[in-house]
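2 protein chains.
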Amino acid sequence: MNLKQLSEMLGLSQTTVSRALNGFPEVSEATRQRVLAAAEKTGYRPNKAAQRLATGRARSIGLVMPTSSEHHFDVHFGEFLSGIGEVALKHDFHFVIMPADPHDEEKAIRRLASSGSVDGLYIGYLRAGDPRIATTRSLGLPFIVHGRSAGLPEDYAFLDIDNEAVFRDAADHMIDLGHRRFGLINAPEEFDFALRRRQGAENRLREAGIALDPSACLAVPMTDDQGYRAMNALLDRPARPTAVLCSSTAQALGAVRAIYARGLKLGRDISLTTHDDDLPLLKPENFSVPLTTTRSSLRAAGVRIAERLIGVIENGREPDLQEIWHAALVRRASTGPVPD
Amino acid sequence: MNLKQLSEMLGLSQTTVSRALNGFPEVSEATRQRVLAAAEKTGYRPNKAAQRLATGRARSIGLVMPTSSEHHFDVHFGEFLSGIGEVALKHDFHFVIMPADPHDEEKAIRRLASSGSVDGLYIGYLRAGDPRIATTRSLGLPFIVHGRSAGLPEDYAFLDIDNEAVFRDAADHMIDLGHRRFGLINAPEEFDFALRRRQGAENRLREAGIALDPSACLAVPMTDDQGYRAMNALLDRPARPTAVLCSSTAQALGAVRAIYARGLKLGRDISLTTHDDDLPLLKPENFSVPLTTTRSSLRAAGVRIAERLIGVIENGREPDLQEIWHAALVRRASTGPVPD
Numbered sequence: 001m002n003l004k005q006l007s008e009m010l011g012l013s014q015t016t017v018s019r020a021l022n023g024f025p026e027v028s029e030a031t032r033q034r035v036l037a038a039a040e041k042t043g044y045r046p047n048k049a050a051q052r053l054a055t056g057r058a059r060s061i062g063l064v065m066p067t068s069s070e071h072h073f074d075v076h077f078g079e080f081l082s083g084i085g086e087v088a089l090k091h092d093f094h095f096v097i098m099p100a101d102p103h104d105e106e107k108a109i110r111r112l113a114s115s116g117s118v119d120g121l122y123i124g125y126l127r128a129g130d131p132r133i134a135t136t137r138s139l140g141l142p143f144i145v146h147g148r149s150a151g152l153p154e155d156y157a158f159l160d161i162d163n164e165a166v167f168r169d170a171a172d173h174m175i176d177l178g179h180r181r182f183g184l185i186n187a188p189e190e191f192d193f194a195l196r197r198r199q200g201a202e203n204r205l206r207e208a209g210i211a212l213d214p215s216a217c218l219a220v221p222m223t224d225d226q227g228y229r230a231m232n233a234l235l236d237r238p239a240r241p242t243a244v245l246c247s248s249t250a251q252a253l254g255a256v257r258a259i260y261a262r263g264l265k266l267g268r269d270i271s272l273t274t275h276d277d278d279l280p281l282l283k284p285e286n287f288s289v290p291l292t293t294t295r296s297s298l299r300a301a302g303v304r305i306a307e308r309l310i311g312v313i314e315n316g317r318e319p320d321l322q323e324i325w326h327a328a329l330v331r332r333a334s335t336g337p338v339p340d
Numbered sequence: 001m002n003l004k005q006l007s008e009m010l011g012l013s014q015t016t017v018s019r020a021l022n023g024f025p026e027v028s029e030a031t032r033q034r035v036l037a038a039a040e041k042t043g044y045r046p047n048k049a050a051q052r053l054a055t056g057r058a059r060s061i062g063l064v065m066p067t068s069s070e071h072h073f074d075v076h077f078g079e080f081l082s083g084i085g086e087v088a089l090k091h092d093f094h095f096v097i098m099p100a101d102p103h104d105e106e107k108a109i110r111r112l113a114s115s116g117s118v119d120g121l122y123i124g125y126l127r128a129g130d131p132r133i134a135t136t137r138s139l140g141l142p143f144i145v146h147g148r149s150a151g152l153p154e155d156y157a158f159l160d161i162d163n164e165a166v167f168r169d170a171a172d173h174m175i176d177l178g179h180r181r182f183g184l185i186n187a188p189e190e191f192d193f194a195l196r197r198r199q200g201a202e203n204r205l206r207e208a209g210i211a212l213d214p215s216a217c218l219a220v221p222m223t224d225d226q227g228y229r230a231m232n233a234l235l236d237r238p239a240r241p242t243a244v245l246c247s248s249t250a251q252a253l254g255a256v257r258a259i260y261a262r263g264l265k266l267g268r269d270i271s272l273t274t275h276d277d278d279l280p281l282l283k284p285e286n287f288s289v290p291l292t293t294t295r296s297s298l299r300a301a302g303v304r305i306a307e308r309l310i311g312v313i314e315n316g317r318e319p320d321l322q323e324i325w326h327a328a329l330v331r332r333a334s335t336g337p338v339p340d
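Order-wise, the sequence lines are chains A and B.
Position 24 of the first sequence, counted from 1, bears residue number 24 in UniProt numbering, the numbering being contiguous throughout.
Position 331 of the second sequence, counted from 1, bears residue number 331 in UniProt numbering, the numbering being contiguous throughout.
Just chain A, with the same shape it has in the complex (with noise of 0.2 Å):
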């Protein structure tokens, strides 16, 4: 059954019988009903292209994937993308995935836009004075960040955590703690969330007058493999860190490994605090000695992107909201008393 067929059942032209289908208000109740149930009847599925026509409305999300052939998938982004699939299904949205070399994603934007095949679009890994924001302002087409760029006016919708807190707050509990010499094993601070955050702790320890040694902070990507690394370079060090925060779990993972190989104890020798996206794989509370964390959920925040973005497409234009959650200190075994 399609759309021309459908039409002669009924007797009406096709655009009505679209626009029926699409909930216009030209089309009376009484059409809409007996479209409606003809096409619950017969099982007809308005055909995309079809129902593009007829609504201008492609009921797709685009998105950039980083991708390269070093570059492994990368489980925040999964975890993410997760919350955007539940939301997508149930408003019968879909994606399209543009991949990219996660430093030319300008171009990637571009052709996703240009593509006719999305509604909205959707940014996230924000670096400071990042160009996609103008550049995807200037495509026409309804958009939000996931984060924030440093540098620029805030005046786009975006949904962000309060970076510059979650090092603040874990710097302030094993401050409280005692310790004094810290360590930290952060993202690339080519990215905002990442620069935020060592802000965050560099402001709290300087309140705290300590001075935090630029050679112990560490901007590593978000893998076991480089939280492992990173770790021995801090344990290296000839007055190592009592303290260190890590800006990851996948980071943790290798972190603690490091810190277990050199028979020290987690919580007694060495106090680790990280941040937790809540990847269901890397829970905090399984590890053998569980982690304190700042904590916040990377699949709601793909929900509530989703949700807006949706929203917008849906409805239009909702004003230029901008979102800030704030992560809860989840204290565990691995943070202790500075030890003596």
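Where hints are given, some of them may not hold.
Copies of one chain are not kept apart here, so a pair can be met inside one copy or by any two copies together.
Derived DMTMM-like pairs (lysine to aspartate or glutamate); straight-line CA-CA distance at most 25 Å [said to hold, decoys possible]: (1) LYS283 / ASP225; (2) LYS41 / ASP172; (3) LYS265 / GLU285; (4) LYS283 / ASP160.
These aren't lab readings, by the way, just hints derived from the structure by calculation.
Source: prediction; values computed, not measured.
Once you have looked at the hints, place chain B on chain A.
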């Protein structure tokens, strides 16, 4: 610069310019070179929709992402996707991802095909007697299957690993070490790969005169939590197994935790082998007792599947190539002689 402007600049019709850019043989080589030079100089990028009209191709692969509010993003799917992404980027392809209820994927496949926005389809997570193969074939688009479907003739293009051998080789290794009491932490046996794995273990054990108790064969989702629970159930058995076969390093993560929580020694009290999809986050050599595995890279499977599918889309039909890869057994410290 759009197609119209480029055509006017060159004094050629839009059709000719479009065909020249897409390498159609009707256009002379001299004209084609002239068009390419002008496109290069002006930075013209063909609009996807225009390109599709000219070539009949969307340069995109459609796939279904199993999605529900209970369903977390699957790290296995992500790793496979990164392999597809790497090849797609190289060939200037993108993906269209349709989220779908895991038990209602057929509808999503039909909608992908009817959208006109994909040139080919990939199907994964096959079940026994899976109706999606016939459905997808009926849609007239090139497609490739990751895995196989027991009970159906193998008359379609696929890439699979020898899953029967995965658990057969693992069982064989543990029989050599003297083990007689086995347990399985398998994936849900609605999936073809899991069914074949159990059969592989059963067949090898039968040859050795060992009966595999069905109640020691647990089939659970491939997550850390489920691995933890399944291992606990096995360890609660009156005559607990000394040898356990596991379908994923994600399950193994939880299984190992359950072993340690009881004060048992991995590789001494309990021997464990696991299938290893080469997930970067869960390297078997990084477990505190390194894991014996059967290894086959899911990313490499994604690369190969994308190469084959894009090859068919670009160059026309291949014979229905059927590839079966063999996973390699890698012995590490998690398997040892049967305890006294």
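The hints, checked one at a time:
{"no.": "1", "hint": "LYS283 / ASP225", "in the structure": "both (18 Å within a copy, 9 Å between copies)"}
{"no.": "2", "hint": "LYS41 / ASP172", "in the structure": "neither (63 Å within a copy, 56 Å between copies)"}
{"no.": "3", "hint": "LYS265 / GLU285", "in the structure": "both (17 Å within a copy, 22 Å between copies)"}
{"no.": "4", "hint": "LYS283 / ASP160", "in the structure": "within (22 Å within a copy, 32 Å between copies)"}
Against the hints set out earlier in the document, a violation occurs for number 2 only.
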